[in-house]
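Participant: Next come the chains, spelled out residue by residue.
Protein chains: 2
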Amino acid sequence: MIQVIKNGTVVTMDEKRQKKYEKLDIVIKDDTIDKITDSYTGTYDKLIDASGKIVLPGLINCHTHLGMSIFRATNDDYPLQDWLTKKIWPIEDHMTDEDIYYTTLLSCLEMIKTGTTTSNDMYFGVNGSLKAIEEAKVRSVFSRCLMGNMDSDSLERIEEFKKLVNENQGKELLTFTVTPHSMYTCNEEYLMECEKVATELHLPIHIHYSENEKEVEGIRNDYKTSPAKALEKVGYLNHKLILAHGTFISEEDQKLLASHDVSIATNPISNLNLGCGIADLVQYKKNGLNICLGTDGQGSGNTLNMFYHMSVVDQLQKAKYQDPTVFNSYEVLKMATIYGARALGLEDKIGSIEEGKKADIIILDLHNTEVYPTVDLINQIVHNVESSNIDTTIVNGCVLMENHQLTLPIDEEKLKKDINSIIYRLMPKEN
Amino acid sequence: MIQVIKNGTVVTMDEKRQKKYEKLDIVIKDDTIDKITDSYTGTYDKLIDASGKIVLPGLINCHTHLGMSIFRATNDDYPLQDWLTKKIWPIEDHMTDEDIYYTTLLSCLEMIKTGTTTSNDMYFGVNGSLKAIEEAKVRSVFSRCLMGNMDSDSLERIEEFKKLVNENQGKELLTFTVTPHSMYTCNEEYLMECEKVATELHLPIHIHYSENEKEVEGIRNDYKTSPAKALEKVGYLNHKLILAHGTFISEEDQKLLASHDVSIATNPISNLNLGCGIADLVQYKKNGLNICLGTDGQGSGNTLNMFYHMSVVDQLQKAKYQDPTVFNSYEVLKMATIYGARALGLEDKIGSIEEGKKADIIILDLHNTEVYPTVDLINQIVHNVESSNIDTTIVNGCVLMENHQLTLPIDEEKLKKDINSIIYRLMPKEN
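Those protein sequence lines, which keep their order, are chains F and C.
If you count the first sequence from 1, position 430 lands on 430 in my numbering, and the numbers rise without skipping.
If you count the second sequence from 1, position 173 lands on 173 in my numbering, and the numbers rise without skipping.
Keep in mind that the hints were calculated from the coordinates and are not lab data.
Among these hints, one or two may not hold up.
[Stated by the list, open to error] Computed footprint of chain F on chain C, listed as stretches where at least three residues anywhere in the stretch have a Cβ under 8 angstroms from a Cβ of chain F:
#, stretch
1, 266 to 274
2, 367 to 377
[What the hints assert, rightly or not] Here are some chain F residues the structure puts well away from chain C; computed CB gaps all over 10 angstroms:
#, residue
3, 6
4, 45
5, 193
6, 196
7, 237
[Said to hold, decoys possible] List time: in silico BS3-like cross-link candidates among lysine-lysine, alpha-carbon distance up to 25 angstroms:
#, chain 1, residue 1, chain 2, residue 2
8, C, 20, F, 86
9, F, 417, C, 53
10, F, 417, C, 6
11, F, 171, F, 240
12, C, 20, F, 87
13, F, 53, C, 416
14, C, 19, F, 87
15, F, 19, C, 86
16, C, 131, C, 416
17, F, 20, C, 87
For glycine and all other residues, C-beta sits at the position ideal for the given N, C-alpha and C.
Turn these sequences into a full structure, and let the hints steer you where they fit.
Facilitator: Structure, rendered in structure tokens:
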């Protein structure tokens, strides 16, 4: 099947092109970008008219907990530990696979509607999550969150994960990472057990890391060395490694991590909301770390809309350095696309609009008065796009949303009712 | 004329009520909130069904330059001084009254569509601005930006302002402030000349103040005292005073300003974008300053959508203190409503939904999947509302937008074309 996206202003994110954006036609053959040309005049099965619109690679969200959508707007005024113990864990303890199917499905629709085509997820209840992800047809780097101290439950989680990987080999939209939750919720032996799984299955590792200063202190006490050296000790630097958060990393540790091609998935909004702080991304970049962008769960990240997170991450660096030239919108757009693909080991498939890559593409319409005018396009994309500007979302050549309408056979109104009944069943009533 | 907003969940922002929100009917008689009741059964001329929706006081934007909408998305990667000299001033020099009519009208529509009913504006080209503001029927605290060193141009600006006030007395939607631009663009004598106008016309003063550290240093050098004491010296503390920005204020100055009931209109996004920094609002509040919220112009503030600025201002304080309990959503909502009204001397008329106040009211619809669910309503309002959630905007009893449709006889498509022709005439071409 040939689909053509015609007459759009295309931001390819292809570093080999000289222009940041230009008028181009994109020819999609089945799941792949077959041709990018000034003006396509051949035949096609489907035409997508992008006149006056902006075409971008689908965004890549490098740190999510898709099952946590019901925790949106619950974190106000709570320190991290209180939030977890009072708002999150008591409810998570009672969530069934079916609940997690619904909460994940809501997140998937939220991603599609806000232009994200790939997520790097870490949660439990994998049967429910996987069902939702496959139904929503989004691209997913998937896992089963692992935590514990070598107790039988924790070892069972590893077996559950291995079974998950084995049963889902070769699926086009699905790859896996090993996801030990963090260095404070897994003991050293268990972290090493997870490392063995990464070796055995040839998978990257994705772990929460140095989210706040208290955590860093704890790791230093437990391991009698720096957090990066502790990671080295448990063998993690021998693997493709994605560190979620990394809000506080010493310069020495930055250099050690960079020498092993480690990626940092920064979660700026979550770090603000939970009072963690502002990561020094300018320095990380200078020291050679690959920085990509995550939203975290909606509980701390508010929304999976990556555009909102892009805007804030740029501004925070400018404020941190009291210098607006230390960061810029194009760099941020890379974090949300090609750097994300690189972090996940998917840079040959996604992250930019290039011939031969998979057709993960979004289209924006920036014509509504309240974002008008668009003087500097890249700046506008990073700072002023709302959900309502996202017009079309394509994953692997499959159009999941077109002209703001989902094409999936999913009943949104029923889904919201299902989510409500989960909330009323599990949440303490307020006000 | 009687209008009734029925069955909404109303966030009144009335400190006398015990609940932050409750189901209420609001009866509007002409321009005034006549009755707030559990269930209104009387007659009416117009019914607005707010079932399942959220009703709020219209938001108050305490620092705008409405004429600057064409500078949206122009500030990336530019330090303040370069941005002003290369991007802003060369264009402003050539803007006609007609240009400013169009750029202001765009801003007014942006406000209406994003739920802001009152702005506190400072710009030039007042004939154009005023025409737009009156056409858009928004409430406005208006002015003519004053700057100079007692040269004839600067004195002429004062005369222009006095004429403006005299010619527009007694208009329901219009009040005025005296707006010397800043302490670094006006010399001491001119600042005192402006002060005389405030005395003569009994008006508040609105001035840019301590926006970045360099400015604070400059004032200290020029006045040989602290910025607040310099304000005292030129007589400004004897007036109702709104300080825009106030990013850096010493604790001693905070106390001096608070003892004179001074308000700080903080502009968090603009302060990030221009690399100014993060104001210590937690401390300002502790020291008794009234803090309200502004967006600044779209050039540095990105958007006039106050919801976006509300979300960020809350998160920044939480991050600054590495403590999520230092600030909360309800406090932020006060900054954008009742504290703003207080700053502008309009707390008897606007800023909350109370019997006897003017009917400046907005209605939100939070049912779209990508902001669902709404567990903590106040948190959700402050952190997850986008333009598309704003359903209805009412100013002074007049419905300016209903079910997302503007009711004003303004041709948006023509306006965008007019804006484009201004841009192509005045802006250097890029890419």
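Participant: Is residue 20/F within 25 angstroms of residue 87/C, Cα to Cα?
Facilitator: holds, 20 angstroms
Participant: Test the statement that residue 237/F is away from the interface with chain C: the closest C-beta pair must be farther apart than 10 angstroms.
Facilitator: Holds: least Cβ distance 28 angstroms, greater than 10 angstroms.
Participant: Holds or violated: residue 171/F with residue 240/F, Cα cutoff 25 angstroms?
Facilitator: holds, 21 angstroms
Participant: Starting from residue 20/C, check that the Cα of residue 86/F is at most 25 angstroms away, please.
Facilitator: Distance of about 22 angstroms is within 25 angstroms: holds.
Participant: Beyond 10 angstroms from chain C, beta-carbon-wise, is residue 193/F?
Facilitator: Given a closest Cβ separation of 33 angstroms, the condition holds.
Participant: Can the stretch 266 to 274 of chain C be counted as covered by chain F under the rule of three residues or more with Cβ-Cβ separation shorter than 8 angstroms?
Facilitator: It holds: at least three residues are needed, and the stretch 266 to 274 of chain C offers 5 whose Cβ sits within less than 8 angstroms of chain F.
Participant: Checking one constraint from the list: CA of residue 131/C to CA of residue 416/C, max 25 angstroms. Satisfied?
Facilitator: The given pair, whose Cα atoms are some 17 angstroms apart, holds under the 25 angstroms limit.
Participant: For the stretch 367 to 377 of chain C, do three or more residues have a beta carbon lying closer than 8 angstroms to a beta carbon of chain F?
Facilitator: Answer holds; 11 residues pass the 8 angstroms Cβ test.
Participant: Residue 417/F and residue 6/C: Cα distance at most 25 angstroms?
Facilitator: Holds: residue 417/F and residue 6/C sit about 23 angstroms apart, inside 25 angstroms.
Participant: Starting from residue 53/F, check that the Cα of residue 416/C is at most 25 angstroms away, please.
Facilitator: holds, 15 angstroms
Participant: In terms of Cβ atoms, is chain C entirely out of 10 angstroms range of residue 196/F?
Facilitator: About 36 angstroms separates residue 196/F from the closest Cβ of chain C, which puts it past 10 angstroms; holds.
Participant: Closest CB-CB distance from residue 6/F to chain C, is it above 10 angstroms?
Facilitator: The claim stands: residue 6/F keeps its Cβ more than 10 angstroms from every Cβ of chain C (closest is about 21 angstroms).
Comparing the model with each numbered hint stated earlier shows that all of them hold.
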